[in-house]
Structure formats: structure tokens, C-alpha cells
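From just these sequences and the hints, can you work out the full model?
Number of protein chains: 2
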Amino acid sequence: MTVPTIGVFDSGFGGLTVLRALVARLPQARFAFLGDTARLPYGSKSRRTIARYAAQSAQFLVREQGAEFLVIACNTASALALDAIQEAVPVPVLGVIEPGAEAAHAASQTGDVLVIATDATVQSHAYAAACRARGLNALEKACPLLVPLVEEGWNDHPVTAEVIRIYLAELTAEAAAQGMNPDTLVLGCTHYPLLRPLIERAVPAGMKVIDSAEAAAEAATQLFNAHAAQTTAEVGAEDQIRCFATDSVEKFERLGSRFLERPTGKVELIDLGG
Amino acid sequence: MTVPTIGVFDSGFGGLTVLRALVARLPQARFAFLGDTARLPYGSKSRRTIARYAAQSAQFLVREQGAEFLVIACNTASALALDAIQEAVPVPVLGVIEPGAEAAHAASQTGDVLVIATDATVQSHAYAAACRARGLNALEKACPLLVPLVEEGWNDHPVTAEVIRIYLAELTAEAAAQGMNPDTLVLGCTHYPLLRPLIERAVPAGMKVIDSAEAAAEAATQLFNAHAAQTTAEVGAEDQIRCFATDSVEKFERLGSRFLERPTGKVELIDLGG
Numbered sequence: 045m046t047v048p049t050i051g052v053f054d055s056g057f058g059g060l061t062v063l064r065a066l067v068a069r070l071p072q073a074r075f076a077f078l079g080d081t082a083r084l085p086y087g088s089k090s091r092r093t094i095a096r097y098a099a100q101s102a103q104f105l106v107r108e109q110g111a112e113f114l115v116i117a118c119n120t121a122s123a124l125a126l127d128a129i130q131e132a133v134p135v136p137v138l139g140v141i142e143p144g145a146e147a148a149h150a151a152s153q154t155g156d157v158l159v160i161a162t163d164a165t166v167q168s169h170a171y172a173a174a175c176r177a178r179g180l181n182a183l184e185k186a187c188p189l190l191v192p193l194v195e196e197g198w199n200d201h202p203v204t205a206e207v208i209r210i211y212l213a214e215l216t217a218e219a220a221a222q223g224m225n226p227d228t229l230v231l232g233c234t235h236y237p238l239l240r241p242l243i244e245r246a247v248p249a250g251m252k253v254i255d256s257a258e259a260a261a262e263a264a265t266q267l268f269n270a271h272a273a274q275t276t277a278e279v280g281a282e283d284q285i286r287c288f289a290t291d292s293v294e295k296f297e298r299l300g301s302r303f304l305e306r307p308t309g310k311v312e313l314i315d316l317g318g
Numbered sequence: 045m046t047v048p049t050i051g052v053f054d055s056g057f058g059g060l061t062v063l064r065a066l067v068a069r070l071p072q073a074r075f076a077f078l079g080d081t082a083r084l085p086y087g088s089k090s091r092r093t094i095a096r097y098a099a100q101s102a103q104f105l106v107r108e109q110g111a112e113f114l115v116i117a118c119n120t121a122s123a124l125a126l127d128a129i130q131e132a133v134p135v136p137v138l139g140v141i142e143p144g145a146e147a148a149h150a151a152s153q154t155g156d157v158l159v160i161a162t163d164a165t166v167q168s169h170a171y172a173a174a175c176r177a178r179g180l181n182a183l184e185k186a187c188p189l190l191v192p193l194v195e196e197g198w199n200d201h202p203v204t205a206e207v208i209r210i211y212l213a214e215l216t217a218e219a220a221a222q223g224m225n226p227d228t229l230v231l232g233c234t235h236y237p238l239l240r241p242l243i244e245r246a247v248p249a250g251m252k253v254i255d256s257a258e259a260a261a262e263a264a265t266q267l268f269n270a271h272a273a274q275t276t277a278e279v280g281a282e283d284q285i286r287c288f289a290t291d292s293v294e295k296f297e298r299l300g301s302r303f304l305e306r307p308t309g310k311v312e313l314i315d316l317g318g
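So the protein lines, in turn, are chains B and V.
Residue numbers for the first sequence follow the working numbering, so the first one is 45 and each next one is one higher.
Residue numbers for the second sequence follow the working numbering, so the first one is 45 and each next one is one higher.
One should not assume that every hint holds.
Since the list gives no way to pick out one identical chain from another, each pair is judged satisfied if it fits inside one copy or across any two copies.
[Stated by the list, open to error] Simulated crosslink set (DSBU-like; lysine-lysine; CA at most 30 Å straight-line):
| id | residue 1 | residue 2 |
| --- | --- | --- |
| 1 | K295 | K185 |
| 2 | K295 | K252 |
| 3 | K295 | K310 |
| 4 | K185 | K310 |
| 5 | K252 | K310 |
Hint data in this document are derived by calculation from the structure and do not stem from the laboratory.
So, in C-alpha cells, the structure goes:
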């Protein structure tokens, strides 16, 4: 009996935080992770371009790697290209936005939530829409400096703490001006879990912090367990994860282990064209 | 008599600082600026990928826009792809590295210079090589947070001042450890001129700050005046600059005017494939 493969896709390697959460929940699965690093960041690109890149990436994971499920571990691609990806491949596809909104719904008492994310994710208002569908009122804010700060390795640095303080002060002031009473903050970018300790210190007392990476991994686990044939096959740790990138393999290997919290192993370079 | 066109190329819109310096020197020329925004940033990509992207962009400016000279207003492309661009088009091509090194050579008394730039530019060691060819000893440092800070609009912000202080303290400590006595700092990224006031406040007293954008514009002006047919034709201000981008036209128009110090006008979207 074959061990099923879950494809996990991101524009870069931030989605490794989702992969980490998935591996912890599904030790019996194999994983193929693709970071489209030649064309990152998606966050500054148009919907049309993002959809094209994401569909190509999804097809690689399904056609070349035999993935039977796809997790789009990229908030921007989930926000702007989930439909395009679902049309491009014949397997179940899960993004990070809906699980993040669902977790916010479970956590919030007041019904008012805050969302921090990249510029493209915020401009799509995908979180606001997913929250609204659950009766929540969401206020979103783009925090474009946080990804570069994580990639610089300043995860626990006074400058990063100050940037987070400024962004959250602006966001909570805006929420107050709108008469909101937010009690939940959604981390709407797969880089942000690495800043979770600093963010938790910066939020107002009692505010819950929702990690969309964790929420997506939990939702994917439920989907996987419901659909996949049960297997007791064992996957050796060295065979469990294969990582692919479209460029910058060396940077991927160097930074990726911070996100995955274990070595990425040898990252394989692939060419999607473009 | 036709008015000659100078093609100016960058991966994004930072190169508009070079265009601004060119327009000030060559009011009688036309300019076609291309920002390959669909594929930025080049700084995190491999030499092979950067060379392919830059060659396509250069061919657009020469073949489609009739550029008779090209200025590569991108340190990363100048560092990694100048040869590939020169092979791809039949017109004179000038990068920003050699003029920056030449200006440092003219400015430095001690022969020891510091260079700040993106990660890819530093890893190429193109500035160090260009300085060495002039008898200068250069120490380079990657400052990956500065571009995002400029793009966030925090050009005169305490966080940016603190990040600059940290980077320069690390760089000058490393220079001292190597027994260097630097008296010149080269801004090796076309975004950095917008931070020049903060950088000048942060450098040790007496250190000269060299802007590679200004240096490249000066060199291009000399090249242009030496080669171009003299003309007294007037170019209307509205016809002087045409801007093209491969994506994110709206962001280009919004941020570009900060770099150009005047409106970019309508930015035209083009498709280079990929």
C-alpha cells in the first residue's frame, strides 16, 4: 500500500511553518514542498500573474510528484489564486485563509478581529470576506516590513519589536476609531509564526493570537484523514519530506530550517519556465 | 533630426533615482524606463536567472523602444548580468558599478572604502573587484532591510535611522578589525539615495558618501555626449519620459514619483513572458 503524498506550495519558504505543523500531525504521510523562489514575492504582483505562477506550481506537485492533496501554504496565493489552482489540478486544494478565519471565529467572543498580512493579502480583503461569512467583523493591516525582518533573522530583535509595536498601535487605534472591540489577532502570513513571541508581548492583554499556519495544518489533517486510505505504512524520516525550489536553493536550505525547525535536506532545483 | 532615446532599466523602480539624475543632465534626450516589476527583486535570485531577465528587458528597450544607449540602473543586474546584456543588444551599455567605484576612487584619500548594497550585489563582490582594479580596498555589507524600509515610505523614520546605525556600526567595526581606515561610503543600491540624509547623519565625521546613481548618470552623460549626434531639438516635458513595467503599474506610479521627484506619468504594462 502506497503512502499518500501531500503537496505543499508557497511562493517562498515561509510556508515551511505550515509544513512543520502538518508533519507534526501526519507522521504517516509523505510531503512534497515547492517554493517558487524564482518568482517571489507574490505579494507585490497582480492577481493575473499570481494565478498563473500558482497554477504552474500546483501542476508540478500533482503531475510530477503525485500529490493527492494540496495545501496552499501562502496567504497571497490563497487569497488571490485558490480558484485558479482548483481549476488547474484534479485533487482537493486547501488554502490558509478559510482555516484562519474559522479559527478566529472559534476564538473571538466580541466578533471583532484584527488581521495582519502582506500588502497583496490585505488588498484582496480575502480575510475580511472569510470573516464576514462567519459573522465576524475584521480589520486588516499590511505589515510589509515583517517578512524582511524575519528573513534578516531579526526574529527577537529590538527593531522588530518596535516595528511590531508601531504596526499594532496603528491597527488598534484604527479599530478603536471604528468603534470595534477586537479580542483576536490573526497572523495572516506564513512568516509571522516566527515572530509570535514578540507579537504576543505586543498585543493588548487578553487578546488571542491565531496562527493561520497552525489552523491550516489542522484543517488539512482533518481533510486528509477523511479522504485518504488508511495506512499503517511507515515513512522513514529521511524520506518524509522532499523540498523543491525554482531558484536560490542555497538560501532556501540556509533559511528554511528556521521555519521547519529541522534541516530541509537537499533542496532540488526545478524550472517552471518564466 | 530625431531626438536620441536612452533606455534605462531596473528590476523595480529604484532605478528612477538614476533616471532623475540623467534627466537633470540631459534635458535634450528622450528616456524609456523599464521596471521588470513582475520578477523583482533580482537581489534574491541566481546569476543565471538574473541574466535571462535582464537580457529580455534590454532587448525590449532597444528593439521596441529604439534605445540607442542603455543604462542599467540596477546594481544587482550590473553586478551579475552586464556581460549578458552587452551580448544581447548592439548598443553601448553602462552599469552603475564601474561609475560608483570610479567616484569612490576620486573621493578616497586613504584608499579604503565601504560599500552597502543588496545581498546579491554583495555576494557578487562586483564593487570590491571594481575598487581593487583602481587600487582601492573595499569592504562590502548587505543591508537587506533598507529597500523594504524605503518602500514602506519610512525614509525619515526613527526605525530606519536605528537600522542604518546598526548596519554601519557592524560595517565599521569589521573594517577596524581588518585594520582598514575607510573615508568613503558607496551607496550601492538605487533605493539608497532616498536614505541619504539619514545615512549622512550616521556615518563617522568626515566620511564621504558616494551615490552610485549620481555617478552612473554622470558617466552616462559623458558617454552620450561623446557618441550621440548633436541636436538642438526640443523635447516636450510630457514626451521626455516613457515608463514601462511588467506588473504592478499602480504601485509603480504611486511609489515611483518619490524616486523620480516628479510624477512618472502613465506607466505602460508590458509582458516579457515568464
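Requested in this report: Check each numbered hint against the structure and report the violated ones by number, ascending.
Outcome: 2, 5
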